[in-house]
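What follows is the residue order along each chain.
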Amino acid sequence: MHASSHVPDAAGRFGEFGGRYVPETLTYALDQLAEEYERAVKDSAFQAELDELWKNYVGRPSPLYHARRLSEQCGGAQIWLKREDLNHTGAHKINNTLGQALLTRRMGKTRVIAETGAGQHGVATATACARFGLPCVVYMGEEDIRRQAPNVFSMKLLGAEVRPVTSGSRTLRDAINEAMRDWMSSVETTHYILGSVVGPHPFPRIVRDFQSVIGREARSQSREQLGRLPEMVVACVGGGSNAAGMFYPFVEDEGVELVGVEAGGRGELPGQHAATLSFGHPGVLHGSYSFVMQDEDGQTCDVHSISAGLDYPGVGPEHSYWKASGRVRYIHCRDDEAMAAFDALARNEGILPALESSHAVAKAMELASQRSKEEAIIVCLSGRGDKDAAEIARLKGNAEFGMRSAE
Amino acid sequence: MSAIDQVFQQLRSQGRKAFIPFVTAGDPDLDFTADVLRELGKRGCSLCEIGVPYSDPIADGPVIQASYTRALERKIKLREILGMTARVSREIEAPLVTMVSYAIVYRHGLEAFVREAKETGVAGAIVPDLLVEESGPLAEICRREDFSLIQLVTPTTPRERAVRIADASSGFLYCVSVTGITGERRSLPPQLLENIAWLREQTELPLCIGFGVSQPEHVQQLAPVADGVIVGSAIVRRIAEAAVHPRDHVLADVGRYVESLMAALNPDGAA
Ligand SMILES: Cc1ncc(COP(=O)(O)O)c(C=O)c1O
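From first to last, the protein sequence lines stand for chains G and U. Here the working numbering is used: the first residue of the first sequence is 1, the next is one more, and so on. Here the working numbering is used: the first residue of the second sequence is 1, the next is one more, and so on.
Please note that the accuracy of each hint is not assured.
[Said to hold, decoys possible] Among the chain U residues that face chain G by a calculated CB cut under 10 Å, a handful are: (1) Met1; (2) Asp56; (3) Gln65; (4) Arg79; (5) Gly83; (6) Arg87; (7) Tyr106; (8) Asp129; (9) Leu130; (10) Val153; (11) Ala197; (12) Trp198; (13) Gln220.
In case anyone wonders, no lab produced these hints; they're calculated from the structure. The beta-carbon is built from N, C-alpha and C at its ideal position, and this holds for glycine as well.
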C-alpha cells in the first residue's frame, strides 16, 4: 500500500484508522471545529496571523543545526537537529496551541481546557490562553505533576488552573479522560485544545497540519544547508504530534527514510513500555481507531515510560496508517538509552534535550553509527530538558547532584 | 420483534411507563450483581441495564467511574459477565441490556459479541461511544440477530441529526437529559420536556430518558412525556455500600429506593 498525503477523508479516516468514537454529546462541537477549520484554511488572514505569531512570538523558523561533535562521537552519518527546543515555551507544542487558540476565538468560545503529560502542552496552552485572554484549565495526572513540577509552576504563573487527576494511572491517558469529561458538560462554551495527533476527527488532522510547519521548514532548510533532502528523519512518538509534523511533508519523498521512536521503557514485557505501534493492536481509545495497548477484553493497559510525554497507551491514527503502509518504520528506545543520549547531547553539544526528544536522539545516534559520513539524519529535537533536570537528578540519585539517592 | 419491543408494546397497552435501572456488573462482585438484578426483577423493573466496566469511560461521572474501577481491580472479564447474565436472564422477566464501550465490543469482535450476548439472554446493547455514522457494521449484525442497538440523542444533537439517529435505533431511543456526564442532578434541564415532545412527533420508538434522573420529583415530571426513565448513579451509589454494609441491607435499600421511584412513575398501577 502506498501512503498518501491526501488523508484523512471527510470521515477522518487515514486508511482504515481514525474516525470518531465519542459520546453523541461531543459530535456537535467536533463538527463545528471541523467546519471552522475548513473555513480557516481557506482564509488567508487566518494563516497570516498564525505565521506572524509563529515568527515573532514563537521565534520560527527554528534552526536546523549540524551536531558535529555528537556526529563524530557516533562515527557515522551526520546528525542534524531540528531545534524545536528553541521555540517559545521550549517545545513544539506551541505550534499547535496558537493555531487552536485562533480557532477558539473564531468559534466564539470563551474558555479553554487541555490535558498534559510532560506539562509542555499545558504550558503551551496556558501561554496561548494568556496571549488571547482566555481562561484555561489544564488536567494533569498526579504522577506527572510530581515528575514535571517546573511546568506546573509555569502554568500557574501563566494564569492557568491545573487540576490534578487522581484516577487510573494518574498520567496522560487519565488526564485526557478528565478533559473529555469536562468537555462533555462545557462543550457549548469551551474549546478543548488537544495536544497531540490523537482523539476523534478532526483533531488528528488539525494538529498534524499545525505541526507540519516543523517538516516544511526542515525540508527547505535541508535543501539550503545540505543542498538536498536528508537520507533519514527521526522523531519520538508519544501521541505522535512532533513526529507527524516532522514526517508529513516528507511522506511523498520516497528517498527519505522515516523512523519513529517509541518509549521502550524498562523492557518488552507488558506494562514495562509504551511502545504502542510495536506491541499493541488496532482498537479504540480516546475517540479514535488506531493501535492501542489493551488486553484481550479491550481494557486499556497500564504502560510505562521514564518520560511523561511518551507515557501513553495510544498513538495517533495517521501513525497506524503509516505503519500499515510501511512508509514509516517504528522502533523503540529504552529508558536507560534515552538517559544516555540525554548525557551525550548535553556533554557534546551543550544542549539539554527533553527526555521525550532524548529517545529520538538515542536511536538517531545508533542509526548514524551504521551509516556513512555522506549521509544526513535529521532528528526532531522536540523540546528542551530543563523540565526534566530535577527528575533526572533524582533518578541518578547520587552524590554528584548533592541529593539523597532515589528510592 | 425483540424482547424489548414486546416489553414496550405491553406497557403501552397498559398505559404504563418503563422503569430501567442501571447496575455495574461485578461491583462488588458478580454474585451480588446477580442478587441485585433478581431484586430489581422482583420489584417489577421493566428492563435492566448492565454496565460493562471499562477502563476509560468518558461519558461517566465519578460514581459510575469508581464502580468500574472497583470491578476492574478484581480483573472482571466480559466472559464472566455474560456467564452471570446467562443465569439471571432465565430467572427474571425483565430483558437485560448491556451498556458497553465500543472498545470492548470491537476487541471482542462485533459478530462474536452480539452472538454471545444474545445466547446468554441479553436483548440489546447501548454503545455510548458509537456514533450513528460509525454504527453501520454493528447495526447490520444486530438487525440480523434481532438484537436491539439502542442509540442516544442528547441536548446538543441538531434536530435533523436526531431524526437520523432515531431511524437507526432499535428497541428504544435513549434520550440523554443533560449536556454532560452521568451522575445525580438536583433538577432536570428546562428544555427537556419540550425536546421530548418534539422527538415524539418524529419517531414511533419508545423514548427513555436518562442521565441525572434520581428523585421521585424528576420521575413525576418525566412520566407524562416519556416511555421510560433510566436511573444509574443513584443505584450504583447505593450498591457501593455493599463494600461496608451487610448485603441484605443494601439489597433492601436498593429495593425501597427503586420502589419509591416506580410509585412516582406509575402512581395508580401496581408494580
Ligand atoms: C518535548 C516533547 N516531545 C515529545 C512529546 C510527545 O508528544 P508527541 O508525540 O505528540 O509529539 C512531548 C509531550 O509532552 C513533549 O513535551
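*Starting from the hint list further up, note which numbers the structure goes against and sort them upward.*
Hints 1, 5, 6, 11, 12, 13 are the ones this structure does not satisfy, whereas the remaining hints hold.
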